[in-house]
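Assemble chains R and H onto chain Y, guided by the hints.
If you read the protein sequences in the order shown, they are chains Y, R and H. Note that this note's numbering has the first sequence beginning at 21, numbered continuously upward. Note that this note's numbering has the second sequence beginning at 21, numbered continuously upward. Note that this note's numbering has the third sequence beginning at 21, numbered continuously upward.
Keep in mind that the hints were calculated from the coordinates and are not lab data. A couple of the hints might just be wrong.
Intra- or inter-copy, both count: the list cannot distinguish identical chains.
[As the list claims (entries may be wrong)] Derived pair list, reagent style DSS-like, types lysine-lysine, alpha-carbon separation capped at 30 Å:
1) Lys147 <-> Lys109
2) Lys73 <-> Lys109
3) Lys131 <-> Lys28
4) Lys69 <-> Lys131
5) Lys109 <-> Lys131
6) Lys131 <-> Lys147
7) Lys131 <-> Lys73
8) Lys109 <-> Lys28
9) Lys28 <-> Lys147
10) Lys69 <-> Lys28
11) Lys69 <-> Lys109
Quantities reported herein were computed from a predicted structural model and do not represent experimental measurements.
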Amino acid sequence: MAGTVEQKLAAQGVVLHEPASPVANYVGFVRTGNLLFVSGQVCFDANGKLIAKGKLGAGVSVEQGNAAARGCGINLLSQIKAALGDLDKVVRVVRLGGFVNSAPDFLEGPKVLNGASDLMVAAFGDKGRHARTTVGVASLPADASVEVEGVFEVS
Amino acid sequence: MAGTVEQKLAAQGVVLHEPASPVANYVGFVRTGNLLFVSGQVCFDANGKLIAKGKLGAGVSVEQGNAAARGCGINLLSQIKAALGDLDKVVRVVRLGGFVNSAPDFLEGPKVLNGASDLMVAAFGDKGRHARTTVGVASLPADASVEVEGVFEVS
Amino acid sequence: MAGTVEQKLAAQGVVLHEPASPVANYVGFVRTGNLLFVSGQVCFDANGKLIAKGKLGAGVSVEQGNAAARGCGINLLSQIKAALGDLDKVVRVVRLGGFVNSAPDFLEGPKVLNGASDLMVAAFGDKGRHARTTVGVASLPADASVEVEGVFEVS
Chain Y
21 MAGTVEQKLA AQGVVLHEPA SPVANYVGFV RTGNLLFVSG QVCFDANGKL IAKGKLGAGV
81 SVEQGNAAAR GCGINLLSQI KAALGDLDKV VRVVRLGGFV NSAPDFLEGP KVLNGASDLM
141 VAAFGDKGRH ARTTVGVASL PADASVEVEG VFEVS
Chain R
21 MAGTVEQKLA AQGVVLHEPA SPVANYVGFV RTGNLLFVSG QVCFDANGKL IAKGKLGAGV
81 SVEQGNAAAR GCGINLLSQI KAALGDLDKV VRVVRLGGFV NSAPDFLEGP KVLNGASDLM
141 VAAFGDKGRH ARTTVGVASL PADASVEVEG VFEVS
Chain H
21 MAGTVEQKLA AQGVVLHEPA SPVANYVGFV RTGNLLFVSG QVCFDANGKL IAKGKLGAGV
81 SVEQGNAAAR GCGINLLSQI KAALGDLDKV VRVVRLGGFV NSAPDFLEGP KVLNGASDLM
141 VAAFGDKGRH ARTTVGVASL PADASVEVEG VFEVS
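Isolated chain Y, as found in the complex (with noise of 0.2 Å):
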């Protein structure tokens, strides 16, 4: 069943789905005391496609970004999930880390990156809101456009 949560979010067309398991010798998060880890989520979709693929500023636009950066907090829902079974044991979001595939001119990381984080207050409310960084990187794994990673304090 469902939690507060979880209801909120479906009210609103969000969605969580089964995380995809890594095929290698990490896993999707670890738990240590009141904490929660949560790898870094690519912008996969629930049937495993990228909601936006290649670089920021060249070729993929703002909104592309903000999408798939939305799509990686659906992501990390979708882990602490997994891990904890009922989003609303969610004490507080502490901290999303944020890479934008970009271009060595493309600086609207930050725009990139509220798609995450509005989906955060969007499920949490003022529990929601969140330490963050943003930063344009090289290149990402599958050529996906934004990857998110975050730490959550849980009970």
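Frame of chain Y, contents of chains R and H only:
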């Protein structure tokens, strides 16, 4: 009233300022337990002007980058003061993550980041020594030359 | 005397070494509570020589990068031994952050990072499985091909 650490900094000419408020769904810092996570700080000065703009290895010198990293450090300290009210509550600087806006052949990132690391030790002495990661990135928000994030143990 | 984990590694030909001391105002690791944050380790071998130098996708192969990431992992383990005296005190590998010195069209970062991830599982078994973030960066210190940082839960 300024605490011991802030007085020591003032004696060295380092003045903290009201940190810039993020204009989106994230915040400057989040505390969880005794850890304070501070958002990535780009090298804006107290007046909101970039201390260095553009890429290291393509127009920005190591010296300018070092000054910019020091400015990121001042912004980190300003966020800590906003979070805790007093820098004396810092138990240990745990980790700095440094991102240098770099041409692909720029290799002197550590010399740049020393601007932030030296400031931490100037402020906190041995408690200011931290784990550090330095990488060269393709681009940064606003074309800032340096961005630094931090994790701090606080009381 | 080497603990169980170190003996297991030695049987696989993995020998730890005295970690390089940073020549600046930062340190190889900081412990806070039960978390050990280890500084980003570039792919120097025990003799201070880079295992791979230059960019993936521009002269450095995935195999060379994988060996370099494994070398970063050995450096992380060497830092942990310096911090704790015994690798057996590692309760869990929490997170690895992997930075691959990448040409803009290099997409195989995860295969590179597996060199570090596989080493963690070789050392710690299931406790070695970790959250992971892999990105391709514009440049790294000393033109190293790979840099890896880590967070570890320790006793």
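Results for each hint:
no. : hint              : verdict
1   : Lys147 <-> Lys109 : both (11 Å within a copy, 24 Å between copies)
2   : Lys73 <-> Lys109  : neither (33 Å within a copy, 42 Å between copies)
3   : Lys131 <-> Lys28  : within (24 Å within a copy, 38 Å between copies)
4   : Lys69 <-> Lys131  : both (22 Å within a copy, 20 Å between copies)
5   : Lys109 <-> Lys131 : within (28 Å within a copy, 34 Å between copies)
6   : Lys131 <-> Lys147 : within (21 Å within a copy, 36 Å between copies)
7   : Lys131 <-> Lys73  : both (17 Å within a copy, 19 Å between copies)
8   : Lys109 <-> Lys28  : within (15 Å within a copy, 38 Å between copies)
9   : Lys28 <-> Lys147  : within (14 Å within a copy, 35 Å between copies)
10  : Lys69 <-> Lys28   : within (25 Å within a copy, 40 Å between copies)
11  : Lys69 <-> Lys109  : within (29 Å within a copy, 41 Å between copies)
Going down the numbered hints, you'll see the structure goes against just number 2.
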